[in-house]
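Model the placement of chain S on the given structure of chain Y, informed by the hints.
Listed below are the residues making up each chain.
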Amino acid sequence: MNATCSPSTSAPATSGVTESLRKPLYNVNGSTDAYEVRVEMPGVPKSGVKLDLEDGILTVRGERNATVPEGMKALHRELSPLSYILRLRLNTPVDEDKMSAKLEDGVLSIRLPLKEVAKPRQIAIQ
Amino acid sequence: MKLIRSNPNSLSRVSDFDEWFRHPFAGLPSLSHYFGNLGEVFPGVTSDKLAVDVHEDKDNYFASFEVPGVKKEDVKIELQNGMLTVSAEKREKDGDNESSYSLTRSVSVPDGVNTEAIAAKLEDGILTVTLPKAEHRKPRTITLN
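Quick note, the sequences are listed as chains Y and S, same order. One gets this note's numbering by counting positions in the first sequence from 1 and adding 76 to each. One gets this note's numbering by counting positions in the second sequence from 1 and adding 589 to each.
One chain only, chain Y, in its complex shape:
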């Protein structure tokens, strides 16, 4: 399962524009019928999440709305205002139609159900 999702090193999808992004902390858990990816993206509202699966690469983008409201002065800064990007290369066929994701308390959970062919099966002895 360690090899199922590996960080992809493909070129950024957006070209021409330079922007600073950072990689979020994430976890991948696998079971026999699905993989579950949890990505920590504090500060990202639901509308700021973009998920995309193309050529076996899962791209997760989270736009942070950390812009300081008008008239506010920063006294101390530790949190990064950068938005998030995570690219994972999947080497297992995933059922794209049944993919689902939810955002809760700043954590995005993505469920990637495996295609039938990739599921383990038992062969009965005759």
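The reader is advised that the hints may include incorrect statements.
[What the hints assert, rightly or not] Computed Cβ-Cβ distance ranges for the label pairs, DEER-style:
no.	chain 1	residue 1	chain 2	residue 2	range
1	Y	172	S	706	48 to 54 Å
2	Y	123	S	670	39 to 45 Å
3	S	674	Y	131	47 to 53 Å
4	Y	153	S	647	17 to 23 Å
5	Y	157	S	728	23 to 29 Å
6	Y	130	S	699	47 to 53 Å
7	Y	172	S	685	24 to 30 Å
8	Y	131	S	666	42 to 48 Å
9	S	678	Y	150	25 to 31 Å
[Stated by the list, open to error] Below, a list of computed lysine-lysine pairs in the DSS-like style, where the Cα atoms sit at most 30 Å apart:
no.	chain 1	residue 1	chain 2	residue 2
10	Y	178	Y	195
11	S	710	Y	99
12	Y	174	S	660
13	Y	99	S	682
14	Y	126	Y	191
15	S	647	S	710
Just so you know, these hints were derived from the structure itself, not from any lab. The beta-carbon is built from N, C-alpha and C at its ideal position, and this holds for glycine as well.
Positioned in the frame of chain Y, the structure of chain S alone reads:
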């Protein structure tokens, strides 16, 4: 507004290490767990420190903490001796294993905050504590007679 580390006895270097570990190995999913649990392994060394931003406008101070995956009921905010302490209990489910660790941070509350009216909200994994300035601390203009 002055900020104080949650554990004054801990080596300040520990937090630097934490930063250092987090970035180059951010791709290792479970590494942050080990460091998050450091406080349990070596009591008194450190528990993970919550990062904080402090902002100010003319009526309030705002302290924002990053607490992804933390539920409202697992956040504790205390005000004692002029220190605002935020503790968040983070529970993580890893298949059948459940682990939890706590994150904490103390911020000294500036003079002239109306402590009765401190409010907090949790949204998208960001906890924002609003500390309203007391009336007499707000800027005001004095009209000439």
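Hints versus structure:
no., hint, in the structure
1, 172/Y / 706/S: 48 to 54 Å, "50 Å, holds"
2, 123/Y / 670/S: 39 to 45 Å, "41 Å, holds"
3, 674/S / 131/Y: 47 to 53 Å, "48 Å, holds"
4, 153/Y / 647/S: 17 to 23 Å, "20 Å, holds"
5, 157/Y / 728/S: 23 to 29 Å, "27 Å, holds"
6, 130/Y / 699/S: 47 to 53 Å, "50 Å, holds"
7, 172/Y / 685/S: 24 to 30 Å, "28 Å, holds"
8, 131/Y / 666/S: 42 to 48 Å, "46 Å, holds"
9, 678/S / 150/Y: 25 to 31 Å, "28 Å, holds"
10, 178/Y / 195/Y, "24 Å, holds"
11, 710/S / 99/Y, "26 Å, holds"
12, 174/Y / 660/S, "27 Å, holds"
13, 99/Y / 682/S, "21 Å, holds"
14, 126/Y / 191/Y, "23 Å, holds"
15, 647/S / 710/S, "20 Å, holds"
Hint check: no violations occur; every hint is consistent with the structure.
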